[in-house]
Amino acid sequence: MARTLIQVSGLHKHYGRKTIFEDASVDIFEDHRLGVIGRNGAGKSTLCRMILGEEEADAGHIRLHADARIAYLEQKDPFGEEETVLEFLARKSGAPEWRCGELAGQFLLTQELIGRKALSLSGGFQTRVRLCSMLLKSPNFLILDEPTNYLDLKTLLLLEDFLKGFDGGYIVVSHDREFLIRTCTSTLDVRHGKITAYPGDVTAYITYSQAKRQQIETQNAEVRAKKAELEDWVARNKATASKAAQAANRLKQAERLEEIELPPEEASLEMRLPSVETRSGTVLLCQDLEIGYPDKKIASAITFDLDRGSHVAIVGDNGQGKSTFLKTIASNLAPRSGSMKWGYEVRIGTYAQHVFQMLPESKTVRQWLYDQAAAAPGPHIKTQEVLDLAGTFLFRGEDVDKKIGVLSGGERSRLVLCGLLMGRYTCLLLDEPTNHLDFETVEALAAALQAYNGTVFVVSHDRTFISRIATQVIEVKDGRVTLIPDDYQAYCYRLESEARADLGKGATAPAKAGAPAKGGAPALPPGMSPAKRLKAVEKELKQLDTKRKELTSSLGTTYEDAKAAEMTATEAKIAALEEEWLVLSEQVNG
Numbered sequence: 001m002a003r004t005l006i007q008v009s010g011l012h013k014h015y016g017r018k019t020i021f022e023d024a025s026v027d028i029f030e031d032h033r034l035g036v037i038g039r040n041g042a043g044k045s046t047l048c049r050m051i052l053g054e055e056e057a058d059a060g061h062i063r064l065h066a067d068a069r070i071a072y073l074e075q076k077d078p079f080g081e082e083e084t085v086l087e088f089l090a091r092k093s094g095a096p097e098w099r100c101g102e103l104a105g106q107f108l109l110t111q112e113l114i115g116r117k118a119l120s121l122s123g124g125f126q127t128r129v130r131l132c133s134m135l136l137k138s139p140n141f142l143i144l145d146e147p148t149n150y151l152d153l154k155t156l157l158l159l160e161d162f163l164k165g166f167d168g169g170y171i172v173v174s175h176d177r178e179f180l181i182r183t184c185t186s187t188l189d190v191r192h193g194k195i196t197a198y199p200g201d202v203t204a205y206i207t208y209s210q211a212k213r214q215q216i217e218t219q220n221a222e223v224r225a226k227k228a229e230l231e232d233w234v235a236r237n238k239a240t241a242s243k244a245a246q247a248a249n250r251l252k253q254a255e256r257l258e259e260i261e262l263p264p265e266e267a268s269l270e271m272r273l274p275s276v277e278t279r280s281g282t283v284l285l286c287q288d289l290e291i292g293y294p295d296k297k298i299a300s301a302i303t304f305d306l307d308r309g310s311h312v313a314i315v316g317d318n319g320q321g322k323s324t325f326l327k328t329i330a331s332n333l334a335p336r337s338g339s340m341k342w343g344y345e346v347r348i349g350t351y352a353q354h355v356f357q358m359l360p361e362s363k364t365v366r367q368w369l370y371d372q373a374a375a376a377p378g379p380h381i382k383t384q385e386v387l388d389l390a391g392t393f394l395f396r397g398e399d400v401d402k403k404i405g406v407l408s409g410g411e412r413s414r415l416v417l418c419g420l421l422m423g424r425y426t427c428l429l430l431d432e433p434t435n436h437l438d439f440e441t442v443e444a445l446a447a448a449l450q451a452y453n454g455t456v457f458v459v460s461h462d463r464t465f466i467s468r469i470a471t472q473v474i475e476v477k478d479g480r481v482t483l484i485p486d487d488y489q490a491y492c493y494r495l496e497s498e499a500r501a502d503l504g505k506g507a508t509a510p511a512k513a514g515a516p517a518k519g520g521a522p523a524l525p526p527g528m529s530p531a532k533r534l535k536a537v538e539k540e541l542k543q544l545d546t547k548r549k550e551l552t553s554s555l556g557t558t559y560e561d562a563k564a565a566e567m568t569a570t571e572a573k574i575a576a577l578e579e580e581w582l583v584l585s586e587q588v589n590g
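Quick note on my numbering: the sequence shown kicks off at 1 and runs consecutively.
Hint data in this document are derived by calculation from the structure and do not stem from the laboratory. Computed from a predicted model, the values in this text were never measured in an experiment. We put the CB at the ideal spot given by N, CA and C, even for glycine. There's no promise every hint is true.
In silico lysine to aspartate or glutamate, DMTMM-like type, Cα no more than 20 Å apart, as pairs [as the list claims (entries may be wrong)]: (1) K573 - E550; (2) K117 - D167; (3) K539 - E550; (4) K535 - E580.
Computed Cβ-Cβ distance ranges for the label pairs, DEER-style [claimed, not checked]: (5) E54 - E231: 49 to 57 Å; (6) R91 - G281: 53 to 61 Å; (7) E160 - G80: 23 to 31 Å; (8) Q450 - S331: 23 to 31 Å; (9) E54 - K382: 39 to 47 Å; (10) N453 - S9: 47 to 55 Å; (11) P377 - G10: 52 to 60 Å; (12) K477 - E398: 45 to 53 Å; (13) E345 - E82: 45 to 53 Å.
Full structure from sequences and hints, please.
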């Protein structure tokens with residue numbers, strides 16, 4: 001039986017008048033793989049900080065098991081200005097450099113890369129360095145708060161594979177539904193001051209919670225109808241002497257009928273983008289375009305044309321030039337050569353990655369939105385139209401009078417998107433718009449953009465988000481910007497296959513400091529021989545096989561989401577261990 005590693009009991013937390021937790025409790029076990037969901041500002045990151053001891057509760061407590069070794073994937077920049085990757089890893093972990101280099105190899109950080117300044121690496125490689133730093137502390141439980149932000153697909157796959165093979169538990173806060181489904185077998189829902197644990201993935205949980213709410217609403221409707229029936233009978237018969245006793249009994253029966261209390265329903269998130277004027281023809285024409293900076297070429301020979309109304313995903317690994325391309329077509333960066341021409345009367349609105357950090361903190365939501373509406377091109381926007389649009393982005397009632405300075409990162413991102421849409425632009429250029437948004441806001445934004453009749457160019461690594469809105473794909477890779485004939489699903493499948501192949505090549509490289517062990521087996525802990533590890537794997541496989549048989553037997557009679565999820569996780573562990581067994585067996589037995 002798995003131990004309780006983190007116990008949250010009677011937790012209370014307030015920020016001024018805002019309640020974050022109100023008598024919240026949950027037990028987190030050592031083998032829990034929890035996907036955390038909830039609206040921006042609900043308390044997901046606060047919970048992580050409190051578990052780590054970085055923030056205190058107003059009341060209640062969080063107790064950690066004596067054996068808990070918790071590591072946190074930092075999102076803030078932890079690197080020294082002149083620090084190399086190897087120097088950072090050694091400083092952060094206190095481990096010897098040979099051990100740092102050995103583990104770095106498992107994340108495909110080569111000898112050349114670990115000798116470079118950490119700040120010179122792309123965001124994806126910096127995340128690999130953070131992961132490596134986290135593991136050097138030999139944790140048995142991980143906390144990852146929005147780990148997929150700014151990750152390219154290859155690093156995302158590496159992170160997925162790492163989590164699936166991690167011998168411990170973890171909490172993942174993420175807005176990416178597909179990432180949560182691939183890595184988490186249980187769900188933690190943070191809302192209305194409470195924390196709810198569910199033994200199934202996020203899709204199963206959403207289905208379950210909707211069905212449960214509907215069931216309670218049906219039961220409450222039946223209670224109300226029965227109560228009304230009893231009260232009506234009493235009203236008609238209480239004056240009759242022969243029925244007075246019956247009337248009194250039925251009144252007591254009506255008083256005993258109680259409705260089940262439902263938690264407050266979340267404000268509906270239904271973003272509606274204003275319709276824009278459209279016309280047929282070309283929206284963007286590029287001819288032999290070369291992009292980059294005065295001292296550096298990024299890509300050249302860019303030639304294509306796109307129709308108005310296209311929804312284009314700009315894809316490619318980090319550092320290849322996606323944002324450079326977007327800045328160029330937004331006219332924020334001059335082309336090095338060639339030509340780029342927008343269609344007649346195309347009005348362009350842009351969303352940059354870090355623009356939410358530059359909002360005026362002293363202004364209220366209302367004031368800032370009024371400013372955006374006044375500055376917007378096109379027809380004048382009425383005050384009520386501004387408030388109506390703000391409402392679809394969940395700025396309602398008193399929320400519009402909040403100072404921007406008190407808003408969370410996700411709320412600020414929502415505000416910037418809302419302000420952008422005031423402009424009724426016929427073309428939107430969006431650079432990582434889903435970062436810092438919560439799970440439900442991302443899905444609402446995807447639905448709104450899917451229905452938008454203007455043109456969209458979007459850079460994002462959120463596969464679920466892109467697959468819903470993209471009708472065309474532009475790939476930025478190896479100095480080229482190419483319009484891909486495949487749809488996004490086909491492109492993603494091809495890229496995943498290539499990424500898996502690349503990761504496989506890295507995993508089979510000769511064993512040395514800075515590379516994984518020979519034959520694809522995970523690097524062995526210092527002092528452990530392949531023969532000893534082989535015995536441990538065989539023992540674990542036997543235990544898992546017994547567990548699989550027990551689960552198969554129980555699933556044969558009843559279906560439960562929790563058991564189905566446990567079976568999926570067990571099968572995945574068995575598959576990974578069988579692969580490791582084959583490699584170790586060859587090493588030991590020749």
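Hint by hint, here is what the structure shows:
1. K573 - E550: Holds, at about 16 Å.
2. K117 - D167: violated (31 Å)
3. K539 - E550: Since the Cα atoms of K539 and E550 sit roughly 17 Å apart, the hinted pair holds (cutoff 20 Å).
4. K535 - E580: holds (12 Å)
5. E54 - E231: 49 to 57 Å: With a Cβ separation near 55 Å, E54 and E231 satisfy 49 to 57 Å, so the hint holds.
6. R91 - G281: 53 to 61 Å: holds (57 Å)
7. E160 - G80: 23 to 31 Å: This hint holds: roughly 29 Å between Cβ atoms.
8. Q450 - S331: 23 to 31 Å: The hinted range 23 to 31 Å holds for Q450 and S331, with Cβ atoms some 27 Å apart.
9. E54 - K382: 39 to 47 Å: Holds: the Cβ-Cβ distance is about 45 Å, inside 39 to 47 Å.
10. N453 - S9: 47 to 55 Å: Holds - the Cβ-Cβ distance for N453 and S9, about 52 Å, lies within 47 to 55 Å.
11. P377 - G10: 52 to 60 Å: holds (54 Å)
12. K477 - E398: 45 to 53 Å: This hint holds: roughly 48 Å between Cβ atoms.
13. E345 - E82: 45 to 53 Å: holds (50 Å)
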